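Student: What follows is the residue order along each chain.
Protein chains: 2
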Amino acid sequence: MSRLEKKMTRSPEAEDAPLFEQRPGERRLDIDPSGIRPDAGLVYIGRIRSPWIRRDTCPKNMAAARDKGGGGTVEVDPAYRAGLEGLDGYSHVVLLTWLQHAPRDLIVQKPRHAETATGTFALRSPARPNPIGLHVVRLLNVDLSAGTLDLEAIDVLDGTPLIDIKPYFASTDAPAAPQDGT
Amino acid sequence: MSRLEKKMTRSPEAEDAPLFEQRPGERRLDIDPSGIRPDAGLVYIGRIRSPWIRRDTCPKNMAAARDKGGGGTVEVDPAYRAGLEGLDGYSHVVLLTWLQHAPRDLIVQKPRHAETATGTFALRSPARPNPIGLHVVRLLNVDLSAGTLDLEAIDVLDGTPLIDIKPYFASTDAPAAPQDGT
Chain A
0 MSRLEKKMTR SPEAEDAPLF EQRPGERRLD IDPSGIRPDA GLVYIGRIRS PWIRRDTCPK
60 NMAAARDKGG GGTVEVDPAY RAGLEGLDGY SHVVLLTWLQ HAPRDLIVQK PRHAETATGT
120 FALRSPARPN PIGLHVVRLL NVDLSAGTLD LEAIDVLDGT PLIDIKPYFA STDAPAAPQD
180 GT
Chain B
0 MSRLEKKMTR SPEAEDAPLF EQRPGERRLD IDPSGIRPDA GLVYIGRIRS PWIRRDTCPK
60 NMAAARDKGG GGTVEVDPAY RAGLEGLDGY SHVVLLTWLQ HAPRDLIVQK PRHAETATGT
120 FALRSPARPN PIGLHVVRLL NVDLSAGTLD LEAIDVLDGT PLIDIKPYFA STDAPAAPQD
180 GT
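Which chain is which? The protein sequence lines are A and B, in order. Going by numbering that gives the first Met the number 0, the first sequence opens with residue 0, and the numbers climb by one from there. Going by numbering that gives the first Met the number 0, the second sequence opens with residue 0, and the numbers climb by one from there.
To be clear, the hints were calculated from the coordinates, so they are not data collected in a lab. For clarity, every value in this text was computed on a predicted model and none was experimentally measured. Relax, there's no trap hidden among the hints.
No copy is singled out in the list; a pair is fine if it fits within one copy or between any two copies.
DMTMM-like mimics (lysine to aspartate or glutamate), calculated; alpha carbons at most 20 Å apart, straight line: (1) LYS109 - ASP31; (2) LYS109 - GLU84; (3) LYS109 - ASP87; (4) LYS67 - ASP157.
All chains, please: the whole structure from these sequences, using the hints.
Tutor: Have a look at this one:
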């Protein structure tokens, strides 16, 4: 499939959602990271099950997901399930996911409701050179033998590939007095 | 290079550090993720400059790195620098790095000072199927034209590849009352 065809292809769950469209002030990379030889390779270790099957109703971040509720489940593939041992003692984990439908060449972008365009690394948009999703989630239950984690809430489409799970530690992961740029 | 040879090769900065050794209770995957066809490909967007050139003196987590100080710098490659626009308003960002020297097939592991072995996903060890480092760091300065971010502290070896930068938002990234399993 050519790069153009690839961009024109709509993912099944996005039937009713708009394509990622170009907006004023946006800039693309000269070379699309999805089209070049990668520097490193990821393996999928499982997937996220969520209530969200359409991009337009999927919560855009974890704060919105917690407000909306609806739960979610992490399914870890059999080969990787032994890695969950000990996780049941934690209240929160960090999930890393692969946001496979996002364009990778958008380096300055204008969020739908923003007035101006902003650099990709100053946004949490899924569109980025390496479309990795970062989600701090609350664990409701861990089933080691089934390889599942029940979540309070999650902000990704059903079926999103999982690439890592890490325990959350406030001592390392929560800065003392963060200030955002808004 | 065969898988065995690859495992026997020591990285330049690890000359004085022990190899990742097998410890009691540890378990390896049947298939090493570094040796199979990847599900997705990463591109390096830059690298970390840090004071740490030996594994035995490199802080093991961000809490230790903040205690130790010493600063650090993110260098973003020219092609990706436009993505930094707007980042200077933030006090903290999340860096994702690729911990390229870590073994990827260790699924249950015993940290050096731990009494028992624990699942990889309940640890922050660099050894994991996808060795992605997650670092919440305080920004001291952003130089958009040079593509550099000066950091208060960082817990990775000098030269570690950078794969993503995200703004940190307490509203989405800091859970209300996290409890860890220790």
